[in-house]
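Q: Model the full assembly from the supplied sequences, consistent with the hints where possible.
Protein chains in written order, with the working numbering: chain S, 32 to 461; chain D, 16 to 284; chain X, 106 to 392.
Some hints here could point you the wrong way.
Claimed, not checked - Coverage of chain D stretches by chain S, computed from C-beta distances (three or more under 8 Å per stretch; other residues unrestricted):
{"#": "1", "region": "140-149"}
{"#": "2", "region": "219-230"}
{"#": "3", "region": "233-241"}
Hints were generated in silico from the structure; no laboratory data involved. Just so you know, even glycine gets a beta-carbon here, dropped at the ideal spot from N, CA and C.
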Amino acid sequence: MFLLNRLYISCAVLCCLASCRSQQQDDNTFVFWSSSNPEEIKFTKQYVDQWNESHPEIPFFFQPVPEGQSSEEVLLAAVVGKTTPDIYANMWQGDVEDFARSGVLIALDTLDGFLEFLYQRCDSQVVREITSTDGHIYQVPWKVNPIMMMYNPAMFRAAGVEAVPTDYSSYLEAGAKIKMHAANANLGNQWLGISEVNPIWWQRFFNFLPLYYASSRGAPIVKDGKAFFNNEHGIGVFAFLQKLYVRDYFPREQQKGQSDPFLASRIASTFIGPWTIQQNERFKTEGFEYDFIHMPIPDSMTGPAYSYGDPKNMVIFNTCKNPQAAWQFLQTLVTPEADRDFLALSGQFPRRKDLDSNPLFVDYLQAHPKLIPFARQAKYVRGMDNAQYMKEVLDIISQEYEACVVYGLKSPEDAIAAAAKAVDLLYLND
Amino acid sequence: MKKILFYILLGLFAFAFLYPFIWMVSASLSEERSITNVTLWPVSFTIDHYVKLFQNIPIWGSFVNSVFVATIVTFGVLVFSSMAGYALARHRFKGRNLLFYFLLFTMTLPFQLTLIPNYILMVQFGWTNSFAALIVPGLLNAFAILLFRQHFLSIPQDLIDAARIDGCNEFRILFQILWPVSVPTLITVGIITFMTTWNDVLWPIIVIREEKLMTMPQLVTLFAVGGRSMGQIGMKLASATLLALPIIIAYLIFQKHFIQSMAASGQKE
Amino acid sequence: MHQNKTISSYLLVSPYLVHILVFVLFPVGFSLFLSFHEWNIISPMEYVGLSNYEKLLQDQYFLKSLRNTLVFLAIHIPLQIAIALGLAVILNQKVWFRAFFRGAFFMPVVVSGVVVTILWQQLYGYEMGSINLFLMELGFEKIGWLTDPQWAMPSIAIMATWKNVGLYIILFLVGLQSVPKSLYEASSLEGATPWQQFWHITLPVINPTVIMVMILSTIGGFSLFIEPYVMTGGGPLNSTLSAVLYIYKQGFFYYHMGYAATLGLILALIILLVVFFQRMVIENKQP
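A: Structure (structure tokens):
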């Protein structure tokens, strides 16, 4: 019988394995996930350590969000598997409504001191944007990364582009000049710009979304359970982008492989957020120039150009045993000093209304003038609509984007209409 | 003359199969900028990619996880499948034929059918993010049972009868009398199981989201598609090289067994 | 004694019974059940009748994934059989370094698909990939192996052939070795050319192997996942969207568990039908 015993032992071992899940810290410890960006990890570590020193009775443990194709995918799996942390600090605004409806988030407005804090930090437009359809607020507005156009003034000058292009036709004109100049001077392949063509939803943060918001002054994508982007702005943006590819001003192939094509002066412009400044400073060659300006806008348009702000917020999951304590901790991450430290460490902007009045930020920006255009743009950003399925909506738009913009197989009108139809279907059952 | 041409042609073919691996290793040992120049040997030799890789992702831990999972699964498959195979081959009991036809039927079921429900099962058991999800569903498989059954059918009845007269129970007969004379089948099933478990990616990607518990192919896949490799080709190739290394070493040592086992696995249709 | 033996019979098969109940039978039933529901696991399940099936019939992406699979198989199967059979016939003769050649061809088979995809992704690179650099050396144009919608699926099919062909060489070798040598000698005496010998002696014997290779390749084609997942994400223009990748997207991107289960169910049915059909057609053709 000893063999049978051995089998039973193996079975017992297996059962133990089954029950031993990934180490959950002991029960009193709060678990906090930050983004996996190295600078943010540094910031989080500093503040978690500080907290643990001064509040040993409420210990916090932090780790970056596990590796996955996107952090949103990992988080969703954690929600489904009930392995969420107590706090997550890199929540994409477009996901909050889905999670709130599923009942896995704590309504923060029920916590002491939250609303006061919120109104002190943000203006009413932001508060409106983050208020869920059920009237509750489930997220702490934390940071934004306004998307702007980065350009290489030297390349523009060399190609004879006098004024920095700000609208569709001047941008297209610049593209023609750069192409011609590269051909005449035998410079090899040079392009006006580059943008990721991959039809995955979050790549639209860097092309379609900011252009759409700029053109429409921040109109919604989805409204009242229907697609809203089937309008002149959506179509105009598709038409503009399509020209960039049809005329070969933007390459379809990604210029991966060797060094950053922008820093190598093969690409004259790109749409990107403030985090790029740190990268550029680290890798650029001596004397390399770059600058920022708002996204291209339709020719006749005037007034401020909005952009996509890529807001990431903090949320508390309902697996948290003491939300009030978690909120107490979160507050230490969003004090003016913490926000300034965050800006300095990561090059990303805190989402607060006093960026241009609080001396803390004014002084910092003065010392780092490259950031100033982003600080101005941060006043004119939009996040995501408070609607369900936003990822899927952006995926649908991406599918049409690829067919119409990148490959030119469809007219902008048809592509936008097809996307709108598919999006309407998505909301049909609700 | 014709012969030389023939060997040149065959050599070219072999080269086409080996060259990518050589390139992969060389490129992973070259500076990022020079990777396009790599032909056979590393250009501007550096082990930088490997150093950075070990700093960036827990690749060593994932190797240990993979070895652990694949070993337990292989052991489980050998034990449990040989048990079922033995009963189906040498025992008479009610429902045996039914069970056997059922076995043949389940072998034809594509995994696409059970992927979603099995994931939900893992969620309900609370097994997501645990080794149980990687191990338990793999502990038995129909093909291994079939191989064992086939093999046990060929064993002389005398051997079993003699053991029974000596008072051995059935488990003892299986593990102490039959196993020692079934080494080739054990090796075949073992190698196939170990390799399929080791190489599986889809299932781990679905059930494991905790970096510390990831298997090596999973971690390397997510590293390649996720953001942390930052588009660095050298690092991606270094991770692929590390992933390939254990199996290639095993293959070079046990080449004959590998080829025989995989050939046997092909016979399943 | 007899009683004892019956008990031990059931003891021996009990792990198998439990396993199959939990991980095969229940899932099959549950996936049928799920296909009438909408469920994201977090919220309560919702009965939706046949709407998942209706959606599937109009789902252009699912149709596209099936079409992509056909493209893959149309290239992969003939290529695979031709190369594997050709090399097997060569290796079946007296060849120097036979073990070396066999070992070399078999190498990609043992390595994880992830390694192969990461590796070939670089080889297929547009600007910097070795293959394009080589083509340019020879004076050809660059090809957008993974970025041109026309080329992307064929590229994956070529890669898959490279990965698997070693296995099929071995299978064909096993088949070839079962052809009696005397048959060749006899026909040589009668003046048959090597080609005639191949056609009339070799092929009939290895026909079962050809069927097996076809069926295994077909199942492999319908199971394509890691290749598009790593190399292309299903693009460009969904030209490499495989059926399993689409199920993965519906299931684990959007958590439409009901719809993903429906897709899995229908796909499984299609696979069974195709394999059954292949077998019937080929077996009827046999002389």
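Q: Work down the list of hints and note, for each, if the structure agrees.
A: Now the hints, each set against the structure:
With 8 residues having a beta carbon nearer than 8 Å to a beta carbon of chain S, the region 140-149 of chain D meets the requirement of three or more and the stated coverage holds. With 6 residues carrying a beta carbon less than 8 Å from a beta carbon of chain S, the region 219-230 of chain D meets the three-residue requirement, and the given coverage holds. Under the rule that three or more residues need a Cβ within less than 8 Å of chain S, the assignment of the region 233-241 of chain D holds, with 5 such residues.
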